[in-house]
Amino acid sequence: MIKYGKKQLGHLGVLSIFTFAAQESIAACNLIPAAGDNSYVCDSGTFSGDLTDTGGNNTLIFPQSGSGVIDGSVNFGAGVDTIEMHSGSILGEVYQGDSPDRFIISGGTVTGGVHQGNGIDDFVMSGGTINSLSQGDNHDTFLMTGGTITGVFEDGDTARMTGGTIGRVDMKLDNNLFDMSGGEIIGNLVTGFGHDTIIISNGRVGGNISVSGGDDSITISGGVVDGEIRASAGNDSFTWSGGEIKSAILMGEGDDTALLSGLNESLLSAVPNLDGGLGTDRLTFNTTTSANSGRYTHWESIELNNGSNLQLNGTLSLGDAGTGSGSLSVSTDSSVLVDQGSVMPFDGAQLATVNNAGTIDLAHTANASNRLSIFGNYIGSGGLIRLNSVLGDDNSASDRLVISNGTASGQTTLEVTNLGGQGGATVADGIQVVEAINNGSTTADAFSLKGAVSAGAYDYYLFKGGVSAGTAENWYLRSTVVAAPEPPLTEPGSPAPPVVPQPAPGTPSLPVPQPGEAPIPIYRQEVPVYSVVIPAAQVLALETVGTFHERQGEQSLLIEKGVLAAGWGRAYTSDLRQSWSGSAAPSFDGSNKGYQVGHDLYSAEHEDGWRQRYGFFLGQSRLDGDIKGFSGGFMDRKSGKAKVEGDSFGAYATFITAEEAYLDLVVMTTRVDGHARSDRGVRLDTEGDVLTLSAEAGYPLKVSEHWVLEPQIQIINQRVDLDSQHDGISSVGFDSDDYWIGRAGVRARGRYLQGDMLTEPYIRANLWHTFEGQDTVTYDAVDRLQTEHKSTSAALELGVVAHLSSSVSVHLAVDYNANLDSNDLEGFGGNLGVRFSW
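Quick note on numbering: the working numbering labels position 596 of the sequence shown as 596, and the sequence is numbered without any gaps.
There's no promise every hint is true.
Pairwise CB distance ranges, derived in the manner of DEER restraints [unchecked claim]:
1) 635 - 731: 24 to 32 angstroms
2) 719 - 470: 47 to 55 angstroms
3) 828 - 512: 37 to 45 angstroms
Just so you know, these hints were derived from the structure itself, not from any lab.
The structure presented is a predicted model; accordingly, all values stated were derived computationally and were not measured.
Glycine is no exception: its CB is placed at the ideal position from the N, C-alpha and C atoms.
Given the sequences, and given the hints that come with them, work out the whole structure.
Structure representation (structure tokens):
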């Protein structure tokens, strides 16, 4: 602690009184300059005239809650001067002179401009109003959090603005930084020569943002810019990741870069033009979606990255008057949506380039007429092109990629969506999906097809070249394989023969027809499978109705009389391999299993020995197996599986004479339910009904004491009615002529009594014939593929009937079937039956 004596305290008191009086005089705006460094405080009253103090390091303070007025200008000299203004008014100009000066304002008004002169000056504004600010040369700093500069702020170097209002900004000296996170600039924001940086994260610029010569940087992440962005000469960079820009963006001369990050069309729509200007310029989209490609002009490189999307509707011109052309590049996760679009060079004598590692989507609209025309080169880098096609015959509409003058190369996958096409055979060039014009060309492996493309009854594969002259560089979807033309007898100067279409990479193996042969259809894998559905239902019902002896065993068993006198049942199984003639030449290899239970309702025996009986039966059966046929251009190709289950109800009337001749009449209805599935997983459910009528007769002729020979004849009519279905590719309709089936057979039957048991062994040979008729499978009401009914086969059966007691009997048989015509048929079967008399 410092101790003072009384004398010293007296001096301090006099000094304090003097100092207080002096400060009070100065605080009342009685501003009297003195030699050296001066501090001025103006909190009330009015100082008339100019305050001029050009010597020393001076300070002028307008304190909080003051009301002081300087009715004139403030003129300081080359010292380190500070002005703090929290209240009051200066009714003239402020000149701080050269040297590092500082001006702080949170309130009050300067009706004139603030001129900080040359030197490293600092300006801080949080309130109040000044007319203008000029910071002069050297590296000055500026911070504005509030207040108003009604006119221009010029010559600053590092400026940060978080609030307040400025009329306009003109930073025309040195390398400038203007960082705006709030507030408003009513007019233009301009930086001059040098390497300038402008950052806008919030706030509003009512006019243009302009940078002059130099390598400048403009970053917009928020806020609003009502005017244009003008980058002028230099190698400038522009980044826009948020906020609104409501006028054109003009990058000017130089090798410029622009990055659009995280934007969408609602933000971009107000910008009529984003112009790269002269130079080698690069525009990058980063997670950005844009619907108007026409706004992007004079760019040598446009890159779509990180999930960006550009809608190409109109012409995208690449390059400028100096470079002439450029490139468009699409990254793996980005896309270009095309309606009627083209990519072309600024200079028509050059070639533009499209590099596609992502997706070019022509299929995003509900039509098949979109076009992407590339006036130059297309390079696929594992990219994808989506197309809509109306899959039908050669005249079908399709989206298309057009290559003019240049070359399509690399590897690109085409993803084709069927837009309502009902399938059809392509017998000429096919459905065009890539077109090369004006000496354009495509490499042999430029395009391949993504996944299966199917419509109606057909698979469509991608081929390079058509069958017409001049189509060798085009690409087509085809549903047939065409043969090479027969070698003509050419004369010198005659045109070259047409080129045979070549399948795209990844296409399954295809047949090679002989020169001059008709086109080979490429039926889809499901065609043979579906072609078996009707015959499978027919076979299932046919084996269910069977023959009289398969159901009842033997005439000698039917001796009961009265109502509900006997019941019976049987189980049967067969392994069957059968083929049919027709469009798909299908074949089936599987099994058929089932059982029946029946009961006589009424039976009687007349005086002359003939018997009659009436009854009914119920049955369940299942047929399933593998299917082969004509698909993919090849015969007997493994295609899929089918399963059909049947629930049957039938009624019968049987008449037997005293000589054991018989007539057996049956009517049966079968409800079928199942599915057919191709090996690639396409499934079709099957439902419907089969009505079966059978009339069978036999007459035994005795040939020895124990044996008779029994000629037999049977006629069967079947009507198959299946519901139409849809398998996800096309509608599938089923139609069938009535099946007429005849059987002529002969049975040799013995009869032996062994103890108390009567056994009746037999052997039977049958000739089966299915008369002419057709099953038809219709795809989308267009393609009608038929399967023939007609077939002839023979069967040999061995069996035995055993009378176990007066009320129980069993019968057992095995059989073998084989074809007698060109249709393959082979089957082994077994039948086990039992009969109970009550």
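Hints violated by the structure (listed by number, smallest first): No hint contradicted; all consistent.
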